[in-house]
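From just these sequences and the hints, can you work out the full model?
Here are the chains, one letter per residue:
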Amino acid sequence: MFTQELNAIYILWLRQIKRYYRARSRVIGSFAQPLLFLFALGYGLGPVYAQAGKGNYIDFLVPGIISMSIIFSGMFSGLAVIWDRQFGFLRETLVAPVSRFSIMLGRTLGGATIAFGQGVFIFIVSLFIGFHVQNWILVIPAFIMMFLIAILFTALGTGMASRLEDIQGFQFIMNFLLMPLFFLSGALFPLTNIPTVLMYIVAFNPLSYGVDALRALLVGTTQFGIGVDFAVVTSVAIVFMVLGAYLFSTIEA
Amino acid sequence: MSTPIIEVTGLSKNFKEFKAVDDISFSVPKGEIYAFLGPNGAGKSTTIKMLTTLLRPTKGSVRVVGVDVLRHPSEARRLFSVMFQEPSLDDELTAYENLEFHGILYGVPSALRRKRIDELLEMVELSKRRDHMVKGFSGGMKRRLEIARGLLHHPRILFLDEPTVGLDPQTRNHLWEYVHVLNKSESITVFFTTHYLDEVDQHANLVSIIDHGVIIADGTVDSIKKETHTDTMEDAYLSLTGKMIREEGSDTSNRSRIMRAFGK
Ligand SMILES: Nc1ncnc2c1ncn2[C@@H]1O[C@H](COP(=O)(O)OP(=O)(O)OP(=O)(O)O)[C@@H](O)[C@H]1O
Ligand SMILES: [Mg+2]
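Those protein sequence lines, which keep their order, are chains A and B.
Okay, so the first sequence: first residue is 1 according to our numbering, each after it adds one.
Okay, so the second sequence: first residue is 1 according to our numbering, each after it adds one.
Mixed in with the good hints there might be a few duds.
Below, simulated DSS-like cross-link-like pairs (lysine-lysine); rule was C-alpha separation at most 25 Å, straight line [stated by the list, open to error]:
#1 B:128 x B:115
#2 B:30 x B:184
#3 B:128 x B:142
#4 A:18 x B:135
#5 B:115 x B:142
#6 B:115 x A:18
#7 A:18 x B:128
#8 B:30 x B:225
#9 B:115 x B:184
#10 B:59 x B:19
#11 B:59 x B:16
#12 A:18 x B:30
Here are some of the chain A residues that sit facing chain B, going by a computed Cβ distance under 8 Å [stated by the list, open to error]:
#13 4
#14 19
#15 87
#16 91
#17 93
#18 96
#19 97
Label pairs and their calculated CB-CB ranges [said to hold, decoys possible]:
#20 B:131 x A:2: 31 to 37 Å
#21 A:121 x B:109: 34 to 40 Å
#22 B:128 x A:121: 36 to 42 Å
#23 A:39 x B:136: 33 to 39 Å
#24 B:86 x A:52: 55 to 61 Å
#25 A:179 x B:10: 47 to 53 Å
#26 B:25 x A:252: 48 to 54 Å
#27 A:28 x B:135: 41 to 47 Å
#28 A:45 x B:109: 54 to 60 Å
#29 B:201 x A:249: 38 to 44 Å
#30 B:15 x A:6: 33 to 39 Å
Keep in mind that the hints were calculated from the coordinates and are not lab data.
Beta carbons are placed, not taken as given, at the ideal position from N, Cα and C, and that holds for glycine.
So this is what it looks like as structure tokens:
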């Protein structure tokens, strides 16, 4: 029984991975956006940032771009439930003799693995354009944090897709949820001297803590403290996972 | 008689105000090959989806092998296998990977899985295409792969929703042979729908006919023919459901309407 559940999780994970590396255009597309941000902003805004007396912009920016690639990829994988529903494949998994929690977990881990891999790729690229890691030991917890962010957003996407019928919903979520979360997370620019209202949004945005944790571990600067960061991201990831699994388990097809 | 393997009581499904399935009850004895017939839009697929935990009934109860499908969906899913009317393959995997995925997900041990995959690919004549992506398959080939997948694990009940639609006669015969072997040797109960009524004459023993969401006749194939004074299921079916074509409005609250009669 238990091994059956593990097998289900494994095969769903594997399917996500296979589909990802087979879709060449998707692979290239998923790297293009964060790389564009990295180069355009890194080289474009770097001098301004330095002139303002803030130091090295690349060091500030890289944790943000790593997060960006993870959240977009994770959300996309999660929302792919919509596609599987439209092509009918979802049904094949929904009547399988395993718990829907395992199905959801397998899918989510698969999507999160891909998102995490992209984050690692951006990290490696950034080393070549002048990103300085302050302490190589801390790269390990940074990778753990990256995986947690990946889980959080993939689970969020899966949960929401369980309640969406069509592709329009997908666009809506990308534009009106993910974009604002990204811009109001401190990923691209410091969010220190901003209006109080925005300050609250930043504080309620789980991504703010993810970005802050990566900055703390890779660069050595933090706003909330690494303990708070991990506590927030881990608990939100668990909540989204449970909520996502519940929503997924109620899908009708 | 022993207790039935499928027990449906007062089952209804409304889509908004439209009653797709309206208070139906029936039971299927263990080891039977049971045909569930009815015109387009009668409610066959909706019923199968409720029996297999994909749709939540508006009212009523379903038990398979004594398990309450509504209360214990995960447990119930271990007892059956379904082949849906609409395609449900992963286009971006190969034929073999689709079968392997299914085998692992449905807990078929690896040695047996490999043996059955070879056997079934042979049966649906897709052995040469095993490593090709499904997205390059024709409609009939996809259907054949779906058949192979549906037979990969051997549960207690097999639900087949129009399994033979779009299949060439060879594959159709192979499928029925295989189904009979499973039915005999592993006493798997088979519940199927079809619009090819000669299949009912040849393969089924028990039948129920649903129309406008209501069961209008059930019994053995012979008893239904006798009651309607006909020799084939086709004639019996037509005399029960009328020679009208149904028009389907999927979002209207109207019942299926009679479009036109083509008379004798
Ligand atoms: N998700 C849905 N939303 C609204 N109406 C639906 C839905 N699914 C089915 N229906 C309606 O319920 C009725 C029964 O549909 P169903 O698919 O069960 O018919 P069927 O007997 O399987 O027909 P066919 O022989 O064409 O496959 C139809 O009128 C259909 O339009
Ligand atoms: Mg149908």
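Verification of the hints:
no.	hint	result
1	B:128 x B:115	16 Å, holds
2	B:30 x B:184	12 Å, holds
3	B:128 x B:142	14 Å, holds
4	A:18 x B:135	15 Å, holds
5	B:115 x B:142	21 Å, holds
6	B:115 x A:18	24 Å, holds
7	A:18 x B:128	22 Å, holds
8	B:30 x B:225	23 Å, holds
9	B:115 x B:184	20 Å, holds
10	B:59 x B:19	11 Å, holds
11	B:59 x B:16	14 Å, holds
12	A:18 x B:30	40 Å, violated
13	4	5 Å, holds
14	19	5 Å, holds
15	87	7 Å, holds
16	91	5 Å, holds
17	93	7 Å, holds
18	96	5 Å, holds
19	97	4 Å, holds
20	B:131 x A:2: 31 to 37 Å	32 Å, holds
21	A:121 x B:109: 34 to 40 Å	38 Å, holds
22	B:128 x A:121: 36 to 42 Å	38 Å, holds
23	A:39 x B:136: 33 to 39 Å	38 Å, holds
24	B:86 x A:52: 55 to 61 Å	59 Å, holds
25	A:179 x B:10: 47 to 53 Å	49 Å, holds
26	B:25 x A:252: 48 to 54 Å	22 Å, violated
27	A:28 x B:135: 41 to 47 Å	20 Å, violated
28	A:45 x B:109: 54 to 60 Å	58 Å, holds
29	B:201 x A:249: 38 to 44 Å	42 Å, holds
30	B:15 x A:6: 33 to 39 Å	38 Å, holds
Checked against the numbered hints given earlier, this structure breaks hints 12, 26 and 27; the rest are met.
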